[in-house]
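J.: One letter stands for each residue in the lines below.
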Amino acid sequence: MIEAVGLTKRYGAKTAVDQLSFQVRPGHVTGFLGPNGSGKSTTMRMILGLDRPTAGSVTINGLPFRQLPNAQRHVGALLDAKAVHGGRRARRHLLSLAQLSGIPEKRVDEVLAVVGLQDVSGQRTKGFSLGMGQRLGIAAALLGDPQVLLFDEPVNGLDPEGILWVRTLMRRLAAEGRTVFVSSHLMSEMALTADHLIVIGRGRLLADMGTQEFIAHNSAGFARVRAADNDHGGRDALGEALTKAGGRVLQEPEGTLRVTGLDLPRISDLAHEAGVRLWELSPHRASLEEAYMRMTQADVEYTSTEDPRAELWEPQPLTVPAWEDELRAPEVPRDSFFAPPPPGAGGQSFLMPSDPGQLAGTDRNTAQDTREDTR
Amino acid sequence: MIELEGLTKRFGAKTAVDHLSFQVRPGVVTGFLGPNGAGKSTTMRMMLDLDNPTSGTVRIDGKHYRDLPEPLKHIGALLDAKAMNGGRSAYNNLLCLAQSNRIPERRVAEVLDLVGLTPVAKKKSKGFSLGMGQRLGIASALLGDPEILMFDEPVNGLDPEGILWIRNLMKGLAAEGRTIFVSSHLMSEMALTADHLIVIGQGKLLADMSMADFIHENSRSYVRLRSPQQERLKDVLHEAGIDAISVPATGALEIDGVAAERLGELAAQHQIVLHELSPQRASLEEAFMRMTADSVEYHAHAPGAPGLPAGPGAADNPVRPADVPAWGAGYEATRKGGE
Amino acid sequence: MSSFPAVLRSEWTKIRTVASTTWTLVAALVVTVGVSAGLCAVFNATFNDMPKEQQVTFDPTLASFAGMTLGQLAMIVFGVLVVGTEYSSGMIRTSLAAVPRRGSFLAGKLIVATGLALVVGLVTSFLSFFLGQAILGDRSIGIDEPNVLRAVIGAGLYMAMIALFSMGVATILRSSMLSLGILMPFFFLVSTILGAVSATRKVAQYFPDQAGSKIMQVVPGAMDSGEAPYGPWGGFGIMALWVLAAVLGGYLVLRKRDA
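Residue numbers (numbering that gives the first Met the number 0), protein chains in the order written: chain L, 0 to 374; chain Y, 0 to 338; chain X, 0 to 258.
One should not assume that every hint holds.
Stated by the list, open to error - Some chain L residues close to chain Y (C-beta under 8 Å, calculated; not the full set): (1) Glu160; (2) His184; (3) Thr255; (4) Ser281.
Said to hold, decoys possible - Taking beta-carbon pairs under 7 Å as the criterion, some of the chain Y residues facing chain L (in silico): (5) Pro34; (6) Asp158; (7) His184; (8) Ser187; (9) Glu188; (10) Gln201; (11) Leu204; (12) Asp255; (13) Gly256; (14) Val257; (15) Glu260; (16) Ala267; (17) His269; (18) Val272; (19) Leu276; (20) Phe287.
Treat the hints as calculated values from the structure; they're not laboratory data. All values reported here derive from a predicted model rather than from experimental measurement. Heads up, the beta-carbon is just placed ideally off N, CA and C, and yes, glycines get one too.
Using the sequences plus the hints, can you model the full thing?
T.: Put into structure tokens, the structure is as follows:
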């Protein structure tokens, strides 16, 4: 269990972490999300006692990190894969860590086998690839068989097999009742791994809820409906019926309809009433990425007046069908999906905001950014 | 258009790339997949004429790379975010590249603006984070406004917004008719980006097909049915000789090997109300794991093929505790032994 | 084939936009001029205590270049870094992707860097000469005396050649650290020591620095350095052969090996 209460960190005038309170509970994989410079790394460092909070506190199993007796046995962390002295051999590196906290030598070989590095355990870490460094970091985190585990971008540099393995490992560790806290920028990966999310933006807590709940909360799912192809006019009839019933309908290139605002049984009934046979009726959850973008939209530090992401949503051309035009003339369905710009609009091949810092997240404070990302 | 013909690279006794022949076509994003050590990087380096092939050829728009008069105007590449001189500013790093290919200087400011590095253009790239270095690399690839672009692990170090941006950038460039070739280890990301896949394992071509075909050929798909008249539905299916699996957890029926169209017609015929009729596709990751199971180089701990959770009930339940013995099989064995 | 002037422009931008260029070249100039002036002052003060043979063969021109033994080390660092940072930073892959013709790439880089080294070398040699002569007072020599102008220009050429030699070696070894680790002790210790011991002098006199530095002498066998079997230009020719070998070796390595 990790518990932060009013955690605050200021660097001069800049507040990196602002009154952050949350709990990371055992038995779950908790994802830690936030844009660059939102204070994620600073928070991680404060949890591990590397940075001292300006105010508030963060405890692990009830004690601040620095007061934990034999911290290695309680907390394992993977922060920076390159934080290993390059001249050391992999096994000796782990052995020195083990000896520091009185962990038997046998455990070193155990964790080396765990991460599949036993064949290269005698090599100097200097020659390690990013993926191998990452595995060594994971081995070090597991060394003390700790109850609390922190991972910062754990799949960096791993190949697909390794990514799958790390995901399985984290879920297994959580299933054993351990507390697993993971930060990552890969939304699609997080959606598969974390069952609980803590999202911060500009150092403040934005969300602390289950992953599914978070997605449902921050974006609308939709239903994909396809009328039988051999039923001419069926699609139009269905579209009209759905629109009349208050649904919002967009058409995919192959003719399938995307419907929001109506649940599946209702769509089924409406289709039946309209005498349309269905070949597909499937629920689609929005992606974690979409939900995350929506939530953090306001919290990226620089926002130009025109939302540049509006153009980034849907690369495939969705069209507003004819019946929609008549019934709901100029309104653009802003809160479901955004209509894409015409291809190559304004002679620009691709779009970036007029304020580049918006997406770069680089022009806030370079020192801060470097710190945020030196992992 | 990139064409490889019989491309081979040996390092001593080891064959890293083995008679590789394929084409990367314009207008689509082509994903380049393979386990670690499959020869992806070596192949990409040979495409740029950085490594000399042992045999075989690579042609860029019909020409050998070395014969391109100003290569950056034909092909831009992001190979390694750190392939810049850290002691030089971002602007000057790009400027010397631009000058060598007679690209006008204003283009440097343009691409820096495009990737959002304008505020740090005059800073030495030494102090850049991984994500910023990545953006600089992307800027250098775009410098000559090339028709062909190659990206090796482009989302490395980027934050979610950057990831979304680069994905849409690649799709947008492909839509303009350019040739986009991307390698990545992130299957979930690749599934969102690529239209076509080239998969290699141990230096050999394993697959060269569209994303949809690849997933279709390498995994099972099924249809999920949900109805308020579940029992009647079951009977109807049974009569039609269709096997359905009940999934108590979700209250749905899952059916293998029958098209959604046929099930829809069947339900309409028998006047059964359906609340869900959704074809389910397996994930790219799953398909990839199946295909490459035999060609992973260091299967230290995998006894036989990995027991992938597949089929009904698995693919759509992303938060499952999968049990995949991969490079951690030893760990699991140890744990079980200890408990 | 990329247009060669474009490659030259690009290399010029590369060289002027890194800090190491400035500090190595300034160091080469300041160290050579400063140490030479200091040593000239020492020669002047202790001239009468010198052995007879040294007094007879005293070469005021060469004396004013006495600091070059140290100053050339900065030139070596310059030459090594110009090539070596391409490899240590990983820039080489980006550079070769932009200019895939290995010959154009290397020629462009070496021409620009050597040109710059030559300009700095000439400024250094003229400054060193005039400052040295001013300090030597009565024992000084005029630039219009026979062979003196050749020696002064030669000193500038010598510095450029040392830089070019270092670039060649760095291209062969593809590493700044390795190149410096070999070149610095060689020029500062090995060559000097072997050249001072009469038994090994016969071999050492064919080393690039020993042979090349003959061009700075006006008095043959100056400062009791012994007669060489070649003249000033002959010596410079020997050095040029060394440089040619290093550059050619570098080109072959660059062509042959994977970047």
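J.: Output the indices of the hints that this structure fails to meet, ascending.
T.: 3, 10, 11, 12, 13, 14, 17
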